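Colleague: Model the full structure from these sequences, guided by the hints.
Protein sequences appear in the order of chains R and V.
Taken in order, the first sequence gives residues 1360 to 1471; the numbers are from this note's numbering.
Taken in order, the second sequence gives residues 18 to 128; the numbers are from this note's numbering.
Everything labelled a hint here was simulated from the structure, so no lab data went into it.
As the structure is a computational prediction, the values presented were derived from the model and not from experiment.
Check before you lean on any hint, since a few could be wrong.
Pairs of lysine-lysine, DSS-like flavour, derived with a Cα cap of 25 Å [unchecked claim]:
{"id": "1", "chain 1": "V", "residue 1": "Lys-123", "chain 2": "V", "residue 2": "Lys-34"}
{"id": "2", "chain 1": "V", "residue 1": "Lys-34", "chain 2": "V", "residue 2": "Lys-20"}
{"id": "3", "chain 1": "V", "residue 1": "Lys-80", "chain 2": "V", "residue 2": "Lys-34"}
{"id": "4", "chain 1": "R", "residue 1": "Lys-1416", "chain 2": "V", "residue 2": "Lys-72"}
{"id": "5", "chain 1": "R", "residue 1": "Lys-1416", "chain 2": "V", "residue 2": "Lys-20"}
{"id": "6", "chain 1": "R", "residue 1": "Lys-1429", "chain 2": "V", "residue 2": "Lys-115"}
{"id": "7", "chain 1": "V", "residue 1": "Lys-74", "chain 2": "V", "residue 2": "Lys-115"}
{"id": "8", "chain 1": "V", "residue 1": "Lys-76", "chain 2": "V", "residue 2": "Lys-34"}
{"id": "9", "chain 1": "V", "residue 1": "Lys-20", "chain 2": "V", "residue 2": "Lys-72"}
Far from chain R, some chain V residues (derived; all Cβ distances over 12 Å) [to be verified]:
{"id": "10", "residue": "Ala-27"}
{"id": "11", "residue": "Gln-31"}
{"id": "12", "residue": "Thr-37"}
{"id": "13", "residue": "Thr-86"}
{"id": "14", "residue": "Leu-87"}
{"id": "15", "residue": "Thr-95"}
{"id": "16", "residue": "Asp-110"}
All C-beta atoms, glycine included, are put in the ideal place defined by N, C-alpha and C.
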Amino acid sequence: DAGITQSPRYKITETGRQVTLMCHQTWSHSYMFWYRQDLGHGLRLIYYSAAADITDKGEVPDGYVVSRSKTENFPLTLESATRSQTSVYFCASSDQGVNEQYFGPGTRLTVT
Amino acid sequence: SQKIEQNSEALNIQEGKTATLTCNYTNYSPAYLQWYRQDPGRGPVFLLLIRENEKEKRKERLKVTFDTTLKQSLFHITASQPADSATYLCALDMNFNKFYFGSGTKLNVKP
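Modeller: Below you can see the structure in the form of C-alpha cells.
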C-alpha cells in the first residue's frame, strides 16, 4: 500500500525495556522525521534524517536512537524506556526538508 | 529559545462565518511557515506553506498571512463548515530541515 505506515499502533511496555517503533514510507522521500505529541507541548521533533545513513538530532533526542539504512525505513528505538516517554509518536516524510510533511497514523506508547 | 504561541483555548464559531487562527513566534525569523490540520486520533495533514517573502497565500477557502515584522501568521477559513472542526497547527522552520510546531488551536464550527 502506498503511503506512510507506523507499527505498532499501540504499545504498552515496562520501564527499562527496549522498544522499537517502525516507520515505512513508499514515496522514496529523502527526509523522514520522528515527533512526539504530548498534551500542552504539541509536536516536538525527536530526530530527523535527510537521506539514508544521515540523521540529526531534533528538539528532544535524549533517550532515543534512530537509524536509516534504507530510504524507506526510519525506526525509532527507546533503549531503556521511562514513564516520561509515554506519548503518541508520529513519523513523517517529505521530499524536501521545507516542503509539506506527510504524517503516519501514530503510535500510542505507554510505559508502565 | 524559539517559542511558538497558538491560542490554547478553543475557538467556537457559527457555520458560515470566517474563522481566524493566530500563530505568534519569538526569537527567530523563519523562512517558511506551514499550517496543518489534525483530527482526533490521526496524524496532522498539510494545508498550506508560506515563505517569508510572501505576504499572503490562498487555497480554496483557506488564506494564510505571514507578517515577519509582527512575527505572526494568521490562518483564515472562510464560509466555515462543521467539517472544518479540528485542531490547527502552525509550524516554523528552525533551520532548513527542522520545524517547530505550535501546540495547536481547536476549532469548533457549530451548525
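Colleague: It remains to establish, for every hint, whether it holds in the given structure.
Modeller: Here's how the hints hold up against the structure:
1. V:Lys-123 <-> V:Lys-34: 16 Å, holds
2. V:Lys-34 <-> V:Lys-20: 30 Å, violated
3. V:Lys-80 <-> V:Lys-34: 14 Å, holds
4. R:Lys-1416 <-> V:Lys-72: 31 Å, violated
5. R:Lys-1416 <-> V:Lys-20: 18 Å, holds
6. R:Lys-1429 <-> V:Lys-115: 21 Å, holds
7. V:Lys-74 <-> V:Lys-115: It holds: about 22 Å lies between the C-alpha atoms, which stays within 25 Å.
8. V:Lys-76 <-> V:Lys-34: 17 Å, holds
9. V:Lys-20 <-> V:Lys-72: 21 Å, holds
10. Ala-27: 14 Å, holds
11. Gln-31: Holds: least Cβ distance 27 Å, greater than 12 Å.
12. Thr-37: The claim holds: Thr-37 (chain V) sits with its nearest Cβ about 20 Å from chain R, beyond 12 Å.
13. Thr-86: 22 Å, holds
14. Leu-87: The assertion about Leu-87 (chain V) holds, with a minimum of 21 Å to chain R.
15. Thr-95: Its Cβ never comes within 12 Å of chain R, the nearest being 22 Å, so this holds.
16. Asp-110: 6 Å, violated
Violation of the numbered hints given earlier is confined to hints 2, 4 and 16; the remaining hints are satisfied by the structure.
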